[in-house]
Amino acid sequence: MRLNRTAAIVLRHFYLLRGSPARVVPLFAWVAVDIVLWGFITRYLNTVASPGFDFVPVLLGAVLFWDFCTRVMQGVTMAFFEDVWSRNFLNLFSTPLSIPEYVAGLVLSSIVTSSIGLAVMVALATAIFGLSFLSWGLLAIPFLLVLFLFGIALGVLGSAVVLRFGPAAEWFIWPIPALISPFAGVFYPLATLPTWMRAVARLLPPSYVFEGMRAVVEGRAAPAGDLLWGGCLAAAYVVLAGWTFARVHRHAVRTGLVARYSAESLS
Amino acid sequence: MGVSAAAEVLRVEGLGRRYGEKVAVDRISFSVGHGEVVGLLGPNGAGKTTTIDMILGVLEPSAGTIRVEGLDVATRRREALERTNFAAVYAPLPGNLTVFQNLRVFGLLYGVRDLQGRIASLLDQFDLRALRDVRCGVLSSGEQTRVCLAKALLNRPRLLLLDEPTASLDPPTAREIRASIRAFAAQDAGGVLWTSHNMVEVEEVCDRVLFLSRGRIVLEGNPRTLPGEHGQRTLEELFIAVAREPLALEGG
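Protein sequences appear in the order of chains A and B.
Mapping to the numbering used here: the first sequence position 57 is 57, numbers consecutive.
Mapping to the numbering used here: the second sequence position 182 is 182, numbers consecutive.
FYI, nobody ran anything at the bench for these hints, they're computed from the structure.
Please note that a few of the clues may not be correct.
[Claimed, not checked] SDA-like, lysine to any residue: derived pairs with alpha carbons at most 20 Å apart: (1) K22(B) with L145(A); (2) K22(B) with P43(B); (3) K22(B) with R198(A); (4) K22(B) with R254(A); (5) K22(B) with G64(B); (6) K22(B) with G256(A); (7) K22(B) with V218(B); (8) K22(B) with H251(A); (9) K22(B) with R260(A).
[Unchecked claim] Negatives, chain A to chain B, calculated, CB over 10 Å: (10) T47; (11) E82; (12) A191; (13) T192; (14) L193; (15) R214; (16) A215; (17) Y237.
In this text, a Cβ means the ideal position worked out from N, Cα and C, and glycines have one as well.
Sequences are here, hints too, so could you generate the full structure?
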């Protein structure tokens, strides 16, 4: 791996962000809307629910963490889609750039863009709705790490799907977080789910994070073993997603899709 | 075929590409020497772009080997591509980045040393200084071609692949570009594989031409003497004859 080539991918994304407010605003606008919306919902719920139970860390915290995971995924896919939209694959993949270097560039771009979203969410949730990260203590770090890894895995896998099936497949990628969230128990305990959905939830790293978050809020210890398992699962998905992207790229080189990648040729 | 192994920058042997039953490139062999400009000619669909895509490593051959300065593209891709670059009318640089930004990004991808100095020199060489901070998407097609050529020379490639590089240029600019490419071949001893449908240009620029038809090399030789050797007055007439009856000329 050569850092200069990975840096080139990040620099390209930085240039695009710097020159385009239309790319910068979505980094924080939608998550800010989400935090404000759910912040007021939690305030309302606190007024009608039994005294002593605080919805802010349970619901608003869940929204914040889930939006972070979603932003990480979209950070990867957006950086990838820039190459799709500008039909840049032939120029890009005829350079010495390797697939690990390219994917690392997408991931680093996502770290930058998702950090902006996270900072805005934390600032709003803390300043307006009194959400305290201190309530989770140091556990916030592994929570964020597991969600980050899973977001990366989803982003790389989504990019592989678009590389394989063409630009129109982009529309399969956007709803993925919405499809996963019911299974991941973002807003409710997994015990609420029917058995088959719980079986699916066990395969999803975020489900361990959100169960842990609820345990901490309820004053119980977060099950460290479960969280560790969630982390291992997320790391495994990152490896699997990277392998899938490399396989899809290999297929695209073998079949000529890279050389002729466009909406017309694939969709 | 062509030049001695020691002087070769590109060696293609038995290169083939099939799409199912269709043969796009049929086990062709050729070489390009250092300082040599080789024209790859042929009608649309002859296999020129497919050949270039395989040399660039973005399309896997069904058969054969490609070596750039002795480095097999299949097994030593990175090193081979560090020595290669290309410009093609169908591969414009991203239109949402400026000329400078594109050159900087691709300069990093190719690991160019003293990148700022190299970009400044290419901006001057291709008369792009005034367009340095203009987004490529709003440039005229001729200006975009000049930017692509600047990108193609960023890493001082040993092998330069040019797919119809002057197709959208006005005659004076096209002449300057041809002079730049000739100078690149002469001074940097780089090898150039050049496709074009402009036979006057090919005669002016190329040291040697390969006629490709239906995926096979049917003729090879000096573009200035080849027409006479095959009973044609001009290279263009020879081109038309190859396009119409390739088998009649093969081996002839």
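Would you list, in rising numerical order, the hints stated earlier that this structure does not obey? 1, 3 and 11
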